[in-house]
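**Q** Sequence:
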Amino acid sequence: MDVVALGELLIDFTFSGTSGQGNRMYEANPGGAPCNVLSMLQKLGHSTAFIGKVGKDSFGRLLENAVKEQGINTDGLVYDGTVPTTLAFVYTGSGGERDFSFYRNPGADMMLKQEEIDEELIKQAKIFHFGSLSMTSGSACRATEYAVGTAKKNNVLVSFDPNLRPPLWDNLDKAKEKMKYGFSQCDILKISDNEIEFITGMDDIDKGVIEIIKQYHIPFVCATMGRDGSKVFYNGSVINGKPFHSDRTVETTGAGDTFCGCMLHFILQYGIDGFTPVILKDMLSYANAAACLVTTRKGALRVMPSISEIENFMKCGHI
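The working numbering numbers the first residue of the sequence shown as 640 and each following residue consecutively.
Note that these hints are calculated values from the structure, not bench results. All residues carry an ideal CB built from backbone N, CA and C; glycine is no exception. Check before you lean on any hint, since a few could be wrong.
Simulated restraints on C-beta separations [unchecked claim]: (1) E754 to V877: 41 to 47 Å; (2) Y909 to G656: 14 to 20 Å; (3) D867 to T657: 31 to 37 Å; (4) H957 to G875: 34 to 40 Å.
Calculated lysine-lysine pairs in the BS3-like style (CA-CA distance at most 27 Å, straight line) [as the list claims (entries may be wrong)]: (5) K752 to K762; (6) K791 to K762; (7) K954 to K937; (8) K815 to K792; (9) K853 to K813; (10) K791 to K819; (11) K791 to K765; (12) K752 to K791; (13) K881 to K954; (14) K846 to K762; (15) K765 to K819; (16) K765 to K707; (17) K819 to K853; (18) K846 to K695; (19) K853 to K815; (20) K791 to K815; (21) K819 to K846; (22) K954 to K920; (23) K881 to K853; (24) K765 to K752; (25) K765 to K937; (26) K752 to K813; (27) K920 to K881; (28) K791 to K813; (29) K752 to K853; (30) K792 to K813; (31) K846 to K792; (32) K695 to K707; (33) K791 to K881; (34) K762 to K819; (35) K853 to K920; (36) K937 to K881.
My request is simple: use the sequences and hints to build the entire structure.
**A** In structure tokens, the structure reads:
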């Protein structure tokens, strides 16, 4: 496997108009940041596998089928017979910004156990990817840390995306603690501007990331800034990536995951030690274009852009 990811797999219910009776209607979109990343990697020609847990219900089966449709290996996906699949309702505001309501107290993804981790999937991977949401509960947290330890022992590169969702934490001090654990373990970090400010207290992106690198010695860090583009911090240099915008944006769900998938694609191509400033600039442009494209579509996992769509958008600047 090129990339194995562990974490949450859930249904994102997104607003889909109003019924004839005036009731709001929602579309059940397969989602969850780790699988969104894998879906983008599949579109870019990589082999991927997912480790996680869903409920033994209709939503769990829907999710397994959706993941398989993308070509993602599901040998590491297990079912919980008592706890239902996690659900999220996504409210989209002006500019496509989102607000989430989660039905996860508990959700099946929180019930993953250490003994359910497929070690062989991790051992054969080039990159192991995870986020902070699998560490919101004791059982899944222990499973996550065991998986990270397995990756480290087998010289698999570790990628981390905090993917902070404050409503899912009992308290934000715990969120900070688990984010710091991720920083201490990873070789590759994708972090957003609001997460940088949350963890460092700094609203200056460069100063915040440099502080994180100084403390945790992470060799490859990308910071995403929404409509303002992105930056990569590598070998003491900071390189900026210009943003792409579209007047067709409907929601921003999955934009960061799309960026992350493209970032890992370039790392798989060049190796973590094989980057030049020119390649890094190309990487940011490619990832920013792909992230913009996915904001023009509802959902994420099933609608990741293809190579040709990304290249055409980069060339033409419009869809």
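**Q** Starting from K954, check that the Cα of K920 is at most 27 Å away, please.
**A** holds, 15 Å
**Q** Given the proposed pairing of K765 with K819, does the C-alpha separation stay at or below 27 Å?
**A** holds, 23 Å
**Q** Would the pair K695 and K707 pass a check requiring their Cα atoms to be no farther apart than 27 Å?
**A** Holds, at about 17 Å.
**Q** Compare the distance between the alpha carbons of K881 and K954 with 27 Å, and conclude whether the hinted pair is satisfied.
**A** Between K881 and K954 the Cα gap is close to 14 Å, so the pair holds against 27 Å.
**Q** Going straight from one Cα to the other, do K954 and K937 come out at no more than 27 Å?
**A** holds, 24 Å
**Q** Need the status of pair K853, K813: alpha-carbon distance at most 27 Å?
**A** The hint holds at about 22 Å.
**Q** Given the hint that K815 pairs with K792, does the C-alpha gap stay at or below 27 Å?
**A** Distance of about 25 Å is within 27 Å: holds.
**Q** Given the hint that K846 pairs with K762, does the C-alpha gap stay at or below 27 Å?
**A** With a Cα-Cα distance of about 35 Å, the restraint between K846 and K762 is violated, given a limit of 27 Å.
**Q** Hint check: K762 vs K819, CA-CA at most 27 Å. Holds or violated?
**A** With a Cα-Cα distance of about 24 Å, the restraint between K762 and K819 holds, given a limit of 27 Å.
**Q** Has the given pair, K846 with K695, been kept, meaning a C-alpha gap of at most 27 Å?
**A** Roughly 46 Å separates the two Cα atoms, so the pair is violated.
**Q** So if I understand the rule, the pair passes when the alpha-carbon distance is 27 Å or less; does K920 with K881 pass?
**A** holds, 9 Å
**Q** Does the Cβ pair Y909, G656 satisfy 14 to 20 Å?
**A** Since Y909 and G656 have Cβ atoms about 44 Å apart, the given range 14 to 20 Å is violated.
Against the hints set out earlier in the document, violations occur for numbers 2, 14, 18, 25, 29, 31 and 33.
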